[in-house]
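Going down the list, the sequences are from chains B and U. Going left to right, the first sequence walks through residues 22 to 299 as the numbering used here numbers them. Going left to right, the second sequence walks through residues 11 to 311 as the numbering used here numbers them.
There could be a bad hint or two in this list.
Within a straight-line C-alpha distance of at most 20 Å, the following computed EDC-like cross-link-like pairs (lysine to aspartate or glutamate) qualify [what the hints assert, rightly or not]:
(1) U:LYS141 - U:GLU191
(2) U:LYS147 - U:ASP106
(3) B:LYS34 - U:ASP137
(4) B:LYS34 - U:ASP106
(5) U:LYS21 - U:GLU78
(6) B:LYS34 - B:GLU119
(7) U:LYS147 - U:ASP173
(8) U:LYS279 - U:GLU298
(9) U:LYS141 - U:GLU159
(10) U:LYS147 - B:GLU66
(11) U:LYS147 - U:GLU94
(12) U:LYS141 - B:GLU76
So the derived list for chain U, only partly shown, Cβ under 10 Å to chain B, looks like this [as the list claims (entries may be wrong)]:
(13) ARG67
(14) SER85
(15) GLU94
(16) ALA112
I should point out that these hints are in silico values taken from the structure, not numbers from a laboratory. Just so it is clear, the structure is predicted and the values come from calculations on it, not from any experiment. Even glycine gets a Cβ: it sits at the ideal position worked out from N, Cα and C.
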Amino acid sequence: MGSFAAELLKLRKRPATWVMVAVSVVALALFGYVFTYIFVVGAPEDVAPAPEAAEIFREYLLPENFLINVLSNGFVGFGSALALVLGALAIGSEYGWETFRSALIQKPGRTALFTGKLLAVAAVLLVFTLAMLAAGALSSYVVALLEGASASWPPAGEILRAAGAGWLVLATFCSLGILLATLFRGTALAIGLGLVYLLVLENLFLGLAPQNEFVESIGQALPTRNALDLAASFGELPPGFAGPEEAAEPARAALVLGAYLAGFALLSLLLFRRRDLP
Amino acid sequence: MNDTLVVETRKLTKHYGRVPVVEGLDLTVRRGEVYGFLGPNGAGKTTTLRMLLGLIRPTSGSATVMGERPGDPSSLARVGALVESPAFYPYLSGRDNLRVMARYSGVPGSRVEAVLEQVELAERARDRYRKYSLGMKQRLGVAAALLKEPELLILDEPTNGLDPRGMAEMRSLIRRLGTGERTVLLSSHLLSEVEQICDRVGVIRRGRLVAEGTVAELRGGGGLLVRAEPLEQAAAVAARLEEVEGVQVEDGALRITAAPEAAAEINRKLVSAGLRVSELRPSGRTLEEVFLQLTGEGDAE
Chain B
22 MGSFAAELLK LRKRPATWVM VAVSVVALAL FGYVFTYIFV VGAPEDVAPA
72 PEAAEIFREY LLPENFLINV LSNGFVGFGS ALALVLGALA IGSEYGWETF
122 RSALIQKPGR TALFTGKLLA VAAVLLVFTL AMLAAGALSS YVVALLEGAS
172 ASWPPAGEIL RAAGAGWLVL ATFCSLGILL ATLFRGTALA IGLGLVYLLV
222 LENLFLGLAP QNEFVESIGQ ALPTRNALDL AASFGELPPG FAGPEEAAEP
272 ARAALVLGAY LAGFALLSLL LFRRRDLP
Chain U
11 MNDTLVVETR KLTKHYGRVP VVEGLDLTVR RGEVYGFLGP NGAGKTTTLR
61 MLLGLIRPTS GSATVMGERP GDPSSLARVG ALVESPAFYP YLSGRDNLRV
111 MARYSGVPGS RVEAVLEQVE LAERARDRYR KYSLGMKQRL GVAAALLKEP
161 ELLILDEPTN GLDPRGMAEM RSLIRRLGTG ERTVLLSSHL LSEVEQICDR
211 VGVIRRGRLV AEGTVAELRG GGGLLVRAEP LEQAAAVAAR LEEVEGVQVE
261 DGALRITAAP EAAAEINRKL VSAGLRVSEL RPSGRTLEEV FLQLTGEGDA
311 E
C-alpha cells in the first residue's frame, strides 16, 4: 500500500503524465472529429468524398457512434502508442535517474515496489480512459449541435463496457512498454523499439493478412488485431480500421488482451526481481 | 559501542563476468561504532555496500545486516543509506521527494519535516530537486537515509564533489549522527575524513580486506623518533633515561620506545646533556603511509 501511494504521488506530480493525457485528448478531438468533420463538410469539390461516403463518415461523428469512433481512432489508433510510451517512461526513467536504488533502500522490497508501480500506472490509465471518452462524447455532441442532429447516446451500460475495453487496450500496450523498459533498463530503446513494433510490424501483419493465410493467423494473435476485434463489438469499425469480415468474439479478444497484459506484467516483475540494479 | 555485530560478511564475493570485484571479504561492524571502509577508487567499496543493501546479489559468500539477509525489508527498516551519488526525482521538490521515500518506508509524513530540519534544508524544501546544488543533493540524500531513524547508517563517499566548506559541514553532520547507539558505516577514500571521524577502519584492496583495526592500531604503536647529534652519545644518554623503555638507531635517527607524553621531558634531558636535538616527533606512521603500504598503490588522495 505504501509503494502504491508513493508511485501515485510520483505519477500525479509528473508533468509527462498529464502531457500524455492532454495529447491523447487533443489528438482524439483533432483526428477523430475536427479533421474528419472538415473533410466531410468543407472539402473542395475535387477532393470531397462521394455523398454516400460522406454520410458514413458523418454518422461516425455523432453521439450514437461515439464509442466505436473513440475506441478505434482514439484507444487503438494512437492511445496504444501513447500508453506504450507512458509505460516505458514509468519504468525507464527510474533506471535513468537511478531512483530504483533510492526507493529500494527505503525498505519496500522489489515485489511490493513493482506491484505498487503497476497498480499506480493502472490507476492513471483509468484517468486516461475517462478523459478520452469524455473528449469523444464532447466532440460528438458539438458535431450533433453543428449538424442540428439529436444527441442520441449509447446506453450507460455500453459506455461502462467501453471504458473497460478502452482501459484494457491501453493497459495491454502500457505493459508492453513496461516490459521493454525493464528489459533494456532505460527509456530510449524501449520507446524506439516499442513504437517500431507497434506502428510498423503490427501494421505490416494487419496489411498483409488478406494475402496470406499464415500471416493472417499470426496477425489474429497480435494485440492490435484483438484490440480492434474488441472495439468492433461496439459497432462497425470505421473505414481504414476494417479487419477480417468476421471479428473475433469480444470475450475472446478481451481474454487474449488480458493474457498479454498479465504476461507482460509478470515477465517484467520477474526480470526486476532477478536482476542486479545497475 | 558493544560487541554486537550489525554487519557481518563471510567470504563475500562478487564477480562481473570473469572480473572479480569483491573477493572473499570478511567484514564486521559492531553496534555503536563509526566504521570507516577505506580503499582506493575501484577497490570494491561501493559494490560491497550495494550487496549489503540487497541491490546486487553476491556471486558467493554470505552477509547479514541487522541479523537478516541483505535487502530483507525487516533489516532495511532499521537501515538508512546513501549509496554513490544521491538519486531523486528531478521534477519533484526536495520535500515531495522525501514524502515519496517516507511512503516507501512506511514512516509517518511528519518525519519529513524533522529530517529536513536535521540536515538544514527546510528553507529550500520547496525547490525542485533539479535546481539543487551538489551539496544540497547530498544533504537530501542524508535526510532520506535518516527518515527511518535508522540504527545503522551506511554512507558511501558522502563528501564526494563537495567544496571544503560542504565537506566540513558533512563531516560535522556525520559526527553528530554517529553519537549514541547509532552505527555508521562510512565508505571513503579520503584519509583525513576517516581519521577524523571513525572509531575503527577496514582497508580494502582489489576486493579483499587487507587490514582492520582502530586508526591508532593501523598507524602502529607509540614511540618517538629523535634526531640528535652526536648520534651515538644521544643513544647512550637516552637509554639511561627513566622515561625510555628502549632505544634503537635507525636511518641516522633514534627510535625510542616511550609514552608520547614524555616527549617534552626527554627533549629537555637530551638538551641538558649537551646534545643538539633537531627533530623529535611521534614515530608512528601516518594513516596515509599505512594506506599506501597496504594498498600498494600511489593513487590514494
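Here is how each hint holds up against the structure:
no., hint, in the structure
1, U:LYS141 - U:GLU191, "35 Å, violated"
2, U:LYS147 - U:ASP106, "14 Å, holds"
3, B:LYS34 - U:ASP137, "14 Å, holds"
4, B:LYS34 - U:ASP106, "9 Å, holds"
5, U:LYS21 - U:GLU78, "17 Å, holds"
6, B:LYS34 - B:GLU119, "18 Å, holds"
7, U:LYS147 - U:ASP173, "13 Å, holds"
8, U:LYS279 - U:GLU298, "32 Å, violated"
9, U:LYS141 - U:GLU159, "27 Å, violated"
10, U:LYS147 - B:GLU66, "64 Å, violated"
11, U:LYS147 - U:GLU94, "12 Å, holds"
12, U:LYS141 - B:GLU76, "56 Å, violated"
13, ARG67, "6 Å, holds"
14, SER85, "9 Å, holds"
15, GLU94, "8 Å, holds"
16, ALA112, "8 Å, holds"
When the structure is compared with the earlier hints, violations turn up for hints 1, 8, 9, 10, 12 and for no others.
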